[in-house]
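Undergrad: Here is what each chain is made of, one letter per residue.
2 protein chains.
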Amino acid sequence: MCNACVIENVKQSMMSRRQLFSGAAATGAAAIAAGALAARPALAQASGKVVDLTHVLDENFPTFDGVPGIAYEEAVNFDSSGYQLWKLTIFEHSGTHIDAPLHFSKDGTSVAELAPETLICPLCVIDISAKAAEDANAMVEAADVEAWIAAHGEIPEGACVAMHSGWAAKVGTPEFRNTPDGSFAFPGFGKSATDLLAGMNVAAIGVDSLSLDPGNSADFAVHNSWLPGGRYGIENLANLDQMPATGATLFVGAPKHARGTGGPARILAVI
Amino acid sequence: MCNACVIENVKQSMMSRRQLFSGAAATGAAAIAAGALAARPALAQASGKVVDLTHVLDENFPTFDGVPGIAYEEAVNFDSSGYQLWKLTIFEHSGTHIDAPLHFSKDGTSVAELAPETLICPLCVIDISAKAAEDANAMVEAADVEAWIAAHGEIPEGACVAMHSGWAAKVGTPEFRNTPDGSFAFPGFGKSATDLLAGMNVAAIGVDSLSLDPGNSADFAVHNSWLPGGRYGIENLANLDQMPATGATLFVGAPKHARGTGGPARILAVI
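Just so you know, the sequences run in chain order H and L. Positions 1 to 271 (this note's numbering) are the ones given, in order, by the first sequence. Positions 1 to 271 (this note's numbering) are the ones given, in order, by the second sequence.
Misleading hints may appear alongside valid ones.
Just so you know, same-sequence chains aren't split out, so a pair can sit in one copy or run between any two.
Unchecked claim - Restricting the straight-line Cα-Cα distance to at most 30 Å, the calculated cross-link-like pairs of lysine-lysine (BS3-like) are:
(1) Lys106 with Lys87
(2) Lys87 with Lys191
(3) Lys191 with Lys170
(4) Lys191 with Lys131
(5) Lys191 with Lys49
No lab work stands behind these hints: they were computed from the structure.
Please take these sequences and the hints and turn them into a complete structure.
TA: Now the structure itself:
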């Protein structure tokens with residue numbers, strides 16, 4: 001079990017939190033930690049389970065402009081060389097991927113310049129799947145953020161706030177991207193929500209759909225405000241239906257190529 | 001502080017371990033955890049600090065074959081479109097990157113198929129920088145693994161065992177890759193070490209040099225045995241000089257493209 005260390009940390013953390021909240025072990029450093037803990041929600045679970053929030057990227061993965069996000073060319077052949085590797089052509093914003101500030105600001109922070117501390121985050125999941133089932137262009141609005149806080153407590157500092165709309169289940173179908181008439185239609189964040197989150201110490205937003213803005217957005221209002229504000233986004237997340245509303249820790253394996261506006265990323269969560 | 005959750009987990013874990021080892025809190029689940037803990041070394045540190053073990057990848061990053069590992073082509077221009085992105089050409093084994101089993105086995109596990117649980121690992125660092133300073137083709141040998149175990153205890157299950165040779169500091173110089181006469185010369189693993197590690201529950205090996213095998217390897221003995229054995233490797237790691245010998249947790253942001261033999265990865269550690 002490779003994740004044994006993390007499992008133990010989480011289990012021990014839970015145990016300690018229970019002790020702290022019951023006042024049984026609030027001495028020295030424990031008392032300091034208890035003060036810090038008081039302001040944030042307890043871990044929702046402590047299974048130590050690793051969940052992969054990343055879709056497999058291939059030539060068929062849906063993209064915003066309809067052009068395949070990745071192409072393969074054989075660079076070394078196994079039969080002739082005893083090993084093999086691909087020369088890949090990748091459009092940065094393909095698959096489960098990062099939007100760095102530089103994507104929507106001429107001189108913003110590149111994906112390589114994101115602070116490493118912002119790539120390990122408490123994960124908050126806002127579930128709008130019910131309204132997205134009724135309206136393909138449903139949005140996370142400020143009221144959804146406020147309802148989440150009322151139910152789960154303040155958003156932890158440095159969090160990634162992710163929209164769970166149920167769209168990941170449609171990734172192999174035309175409905176991931178379009179209505180039957182060919183218009184874009186998928187859920188995203190509304191600017192009312194991201195304006196509210198921008199006033200908090202939130203590192204990132206994430207969506208399980210093709211774009212931070214909903215499919216019918218005319219102005220990319222969230223891209224044009226959230227990213228130039230110096231924070232990043234994650235698009236095309238998988239498996240958010242397996243995540244608790246709060247308590248998971250997100251590991252954002254953002255690519256680190258110079259001058260990158262974003263790129264395919266490996267996103268893992270521990271619950 | 002985005003990493004506050006992890007910091008707390010680690011701090012609470014340390015606190016609990018101290019309590020467990022002193023016998024003060026060994027009740028219920030704690031007793032089970034104590035049993036598991038007894039077999040593994042205590043965390044070396046509990047700072048909660050995030051360290052980025054990833055080099056920035058650009059056109060100048062040294063590669064095995066001398067061909068630039070990445071090339072950029074403008075796909076969308078900011079001034080004309082209000083946003084920007086690159087079309088990238090990437091040879092999979094460039095920069096800080098993963099070697100998946102498929103790289104050296106015709107039908108092996110692709111980078112997309114690696115079990116997510118193997119991407120979050122206890123990190124063990126074997127420091128051979130002293131002998132690498134004397135011999136550019138120095139190797140981690142079985143004796144180095146045995147000495148590490150004698151000093152630090154058994155290698156934790158599911159660990160990544162990494163070679164720290166001091167080579168990361170040379171990455172901007174010709175010496176990262178070559179001797180002055182142009183021969184390959186850099187440290188790597190010896191097969192005696194990886195054969196020993198293959199008998200343990202070790203998920204991965206990592207190096208701070210260009211290849212798992214040393215530069216003067218004639219047969220890629222480690223590539224040809226470790227990778228077909230179903231485990232992965234990480235090449236060109238950065239900042240291992242900031243890592244404790246044991247106690248850090250590694251987050252391996254491996255890419256997830258279908259049929260990938262490996263690829264640039266974001267590697268983060270929490271100490």
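Undergrad: Checked against the structure, which of the hints given earlier come out wrong?
TA: 5
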